[in-house]
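Colleague: Now for the letters of each chain:
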Amino acid sequence: MIRFDKVGKRFGDVTVLRELDFHVERGERVTLIGPSGSGKTTILRLLMTLERVTSGTIHVDGQCLSHMRRGDRQVPADERHLRQVRKKIGMVFQQFNLFPNMNVLRNITEAPVRALGVPREQAEEKARELLKMVDLAGKAHAHPSQLSGGQQQRVAIARALAMEPEVLLLDEVTSALDPELVSGVQNLLRDIAHQGNLTLLCVTHEMNFARDISHRVLMFDQGQIVEEGSPEQIFTEPAQQRTRDFLQAVLNA
Amino acid sequence: MIWDWDWTLEILPGLLTQGLLVTLQATLGGAVLAFVLGLFVALLRRSRRPYISRPVGAISEFIRGTPLLVQLFVLYYVMPDFGVRMTALTTGIIGLGVHYASYTSEVYRAGIDGVPKGQWEAAIALNLPRRWTWIGVILPQAVRRSLPALGNYLVAIFKESPQLSVITVVDVIGLARELGSERFRYLEPMTVAGLFFLLIAIPASILIRRMERRLDT
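Line order of the protein sequences matches chains H and D.
Numbering follows the UniProt record's numbering, in which position 111 of the first sequence is assigned residue number 111; successive positions increment by one, without gaps.
Numbering follows the UniProt record's numbering, in which position 12 of the second sequence is assigned residue number 12; successive positions increment by one, without gaps.
Chain D on its own, in the form it takes in the complex (with noise of 0.2 Å):
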C-alpha cells in the first residue's frame, strides 16, 4: 500500500472543516460544562446537610463507575422515550460534561483540601463572613490548584470525543471513517485524523503547562 497524496489533499479540507469543527465544538462544550457542574458538584459534597451531600455524592460515584459510552447510548436513545429530544452533538456535549465533571469534581475536592488551614483561620479571625471565605480565598487558591490537572482533562475529553460518533456526531474520526469505507481504504483518513489529534494535544499540553507556570507567581 502506497500513501495517496492526491487523495489525501482531496478530503483534507473536509476532515479540517467539519470533522476537526464538530470535534472542538463537542470538546470545548463539554469541557466548559464539566469545569462549571465539577465545581458544584464538588461544593455540594461538602455541603452540611447530609441530605444535599449524599444524593450528589452518590450520584457521582455512579456515574465514575459507568462507562461514558453507556451514558452517551442512554442519552440518546433513551431518554427521548421520556420526552427529551436534543441534537446528537448537543447530547455528547452533555454526556462528555457530566460524565467529566464527576471527575473535575474529585480535582476540585483535592484542590479545596489543599488550601492551608491558616487560610481558613485567617478568616475566621477577620470576621470574613462564610461566602467571602469561600470566593475570596478559599475557591481562587483552590482552583489554581486544581488547573494543571482541569487542563489534563482537556486533553482527555478532547481525545475520548470520537466516542460520540457512536450517537451519530460526525466528528473528525467519524468522518475519516466514511471516507475510508467509501474505498475501503483507511490509511490516509485515519492518518490525517490521528495527526490533528497529535498537533492539538501537544500544543494544547505546552500551554496548559506554561499557564500554570505563570499563574504560580
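Pulled out of the complex, with its shape left as it was, chain H reads as follows (with noise of 0.2 Å):
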C-alpha cells in the first residue's frame, strides 16, 4: 500500500531522512517510534504531501506520489497529481487544526461538498453518524473555541474519515491533550483501528497505545528505521541497544 524507495529528506543543511526504505501492507497498523527530531513526523508530512523529498521516490496503492511521468520522464508531481493521489490518504494533525470560522459540523461536511461534490445534505448525514461514532452527536453547531481539546481531535478524527480515506495518518494525535483527555480520544482510534480495514500509519510517544494497535512498530533513530518487529517484540525483548535506552527513557518519563 505504501512503499518508501531510497528516500532522503533535508531541510537546508539539516538532513531528516537518509536512503529510507519501508513499505506498509494495505490495512496494516504500523506505529513510528524515536526520539523526538528521527524523522517519524516527516513520514507522515511527506505521505501527506505536506512536505516534498529531497530524493527517492514514494509510492501509495501502486501509484507514485512524489513524482509523475511526463512522456517517458520522471518529473516531480504538480498539484493536479497531488490531489489525485491526495484522496485515498487522511491526516489527523497534534494540534487538531480545526477551522475555527465554521461549527462542527461544517468542519465536517466542507471537503466532502467542496472537493468530492457530494451532496451537502448526504454529507450532513454522514456526518452526523460520524459524530454520534466519535460520541459528539449533541455538538454538531458547536464551535471548535466552545470544545474541549480532547472534544476538537475527535472532531477532526471524524472530519478525516468523512473523506473515506484508505490511509490514515495519525501525528502524535493526543499529545496536546490534557492528560485526563487523552484516554478517550485513545480508545475511540482503537475502536477504529480494529473495526476496519484502514491502514494506519501512527506516530506516537505512547507505548501502551502503540501496543494496542499496532501490527508493527517501527524504531527509528536519526533518519533511519534501527528496528522493526511486532509489538510485543519490540516492547518486550528490543534487539538494539538504542531501541532499549528509548523506551526506557519514555517509560520511565
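Among the hints, erroneous ones may be present.
[What the hints assert, rightly or not] Facing chain D, according to a computed beta carbon distance under 8 Å, are these residues of chain H, among others:
| id | residue |
| --- | --- |
| 1 | P35 |
| 2 | S36 |
| 3 | M48 |
| 4 | A77 |
| 5 | H81 |
| 6 | R83 |
| 7 | R86 |
| 8 | K87 |
| 9 | M91 |
| 10 | F93 |
| 11 | P100 |
| 12 | N101 |
| 13 | N103 |
| 14 | R159 |
| 15 | L181 |
[Unchecked claim] The list that follows gives simulated cross-link-like pairs (lysine-lysine, DSS-like), each with its CA atoms no further than 27 Å apart:
| id | chain 1 | residue 1 | chain 2 | residue 2 |
| --- | --- | --- | --- | --- |
| 16 | H | K139 | D | K117 |
| 17 | D | K117 | H | K88 |
| 18 | D | K117 | H | K87 |
No lab work stands behind these hints, which were simulated from the structure alone.
Beta carbons: idealized from backbone N, C-alpha and C, even for Gly.
Grab the two chains, each in its own frame, and use the hints to assemble them into the complex.
Modeller: The structure is reproduced here in C-alpha cells:
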C-alpha cells in the first residue's frame, strides 16, 4: 500500500531522512516510535504531501506520490497529480487544526462537499453518523472554541474519516491533550483501528497505545529505521541498544 | 469674540444636511471601495505569477508613496485631458478608495499571513480545492483578523475626507469655510463642523471595538 524507496529529506543543511526504505501493507497498522527529531513526523508529512522528498520515491497503492510521468520522463508531481494521490490519504494533527470559523458540522462536511462534490444533505447525514461514532452527536452546531481539546480531536478524526481515506496518518494525536482527555481519544482510535480495514500510520509517544493498535512497530533514530518488529518483540525484548535506551527513557518519564 | 448662538442655529441645518451628507457619502463610498479593492490587491500581490504580482505591487507602493492631495488633483484636473470626466464627488470617492486600498491591502496581507500554518495543512490534508481553501478557510479568518485595523482606516478616511474640498467637493468643512468667508468669522461654523467629526468618530470607534469583540468569539 505504501512504499518508500531510498527516500531522503533535507531541510537546508539538516538531513532528516536518509535512504529510507520501508513498506506498509494494505490494512496494516504501523506505529513509528523514536526520539524527537528522528524523522517520524516527516514521514507522515511526506505522505500527506505537506513536504516534498529531496531524493527517492514514495508509492501509495501503486501510484507514485512524489513524481509523475510526462512522456517517458519522471518529473516532480504537479498540483493536479497531488490532488489525485491525496484522495486516498487522511491525516489527524497534533494541534487538531479544526477550522475555527466553521461549526463542527461544517468542519466535517466542507471537504466532502467542496472536494468530492457530495450533496450537502448527504454529507451532513454522514457527518452526523460520524459525530455519533465519536460520541459528539450533540455538538454538531458547536464551534471548535467551545469544545475541549479531546472533543476537538475527536471532531478532527471524524473530519478526516468523512473523506473515506484508505490510509490514515496520526501525528502525535494525543500529545497536545490534557492527561485526563487522552484515553477518550485513544479508545476511539482503538475502536476505529479494530473495526475497519484502514491502513494506519501512527506517530506516538504513548507506548501502551502503540502496543494496542499496531501490527508492527518501527523504531527510528536519526532518519533511519534501527529496529522493527511486532509490538511484543519491540516492547518486551528489543534487540537494539538504542531501542532499549529509548524505551527506558519514555517509560520512566 | 463672543459665541453667536443665533448664527450657529441658523447655519446648523445646512451643515448637518448638505455638508455632513456629502462627507458621509465620500467616507462610505471611499471606504467600501478601499476595503474591496484592497482585498483584491492583497490577493493579486500574492499571485504566483510574477507578471501579475510585480506590477500590482509597484502600483500599490507608488500610490502609498504619494500624497492623496496630488492624486486627487491628477484625477480631477488631469484625467479630463484624457477624456475621463467625472463629478467632483465621484472623483473624490475613487481617489479616497484607491489611495486607502493601498493601505488596506497591507492590512489584509498581515491578516492572511496571520492565519496559522496548520489551517493550510488541514486544508491540504482534506484535499480541499485551492479556491475553497481561500474562500472557506483562509479569508474568513484573515478578514476577521483585519477588522480592527480596517475600522481604524474607516475613521481615518472619514477624517481625511475634507481634502476633497480641493477638487470642489463641498463637504461639511468646505461648507463651513464658505459660511465663514461670508462674515469673515470662522469660530462657529468650524467649531460646529469639528464637533460633527468628533461626535461621529468617537461612537464609530466604540462600535468598531464592540463589533470586534463580538466577532472574536
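Colleague: Against this structure, judge whether each hint is valid.
Modeller: Verification of the hints:
no.: 1; hint: P35; verdict: violated (23 Å)
no.: 2; hint: S36; verdict: violated (18 Å)
no.: 3; hint: M48; verdict: holds (5 Å)
no.: 4; hint: A77; verdict: violated (13 Å)
no.: 5; hint: H81; verdict: violated (13 Å)
no.: 6; hint: R83; verdict: holds (6 Å)
no.: 7; hint: R86; verdict: holds (5 Å)
no.: 8; hint: K87; verdict: holds (6 Å)
no.: 9; hint: M91; verdict: holds (4 Å)
no.: 10; hint: F93; verdict: holds (6 Å)
no.: 11; hint: P100; verdict: holds (7 Å)
no.: 12; hint: N101; verdict: holds (4 Å)
no.: 13; hint: N103; verdict: violated (13 Å)
no.: 14; hint: R159; verdict: holds (7 Å)
no.: 15; hint: L181; verdict: violated (19 Å)
no.: 16; hint: K139/H with K117/D; verdict: holds (26 Å)
no.: 17; hint: K117/D with K88/H; verdict: holds (22 Å)
no.: 18; hint: K117/D with K87/H; verdict: holds (21 Å)
Hint compliance for this structure: hints 1, 2, 4, 5, 13, 15 are broken, all remaining hints hold.
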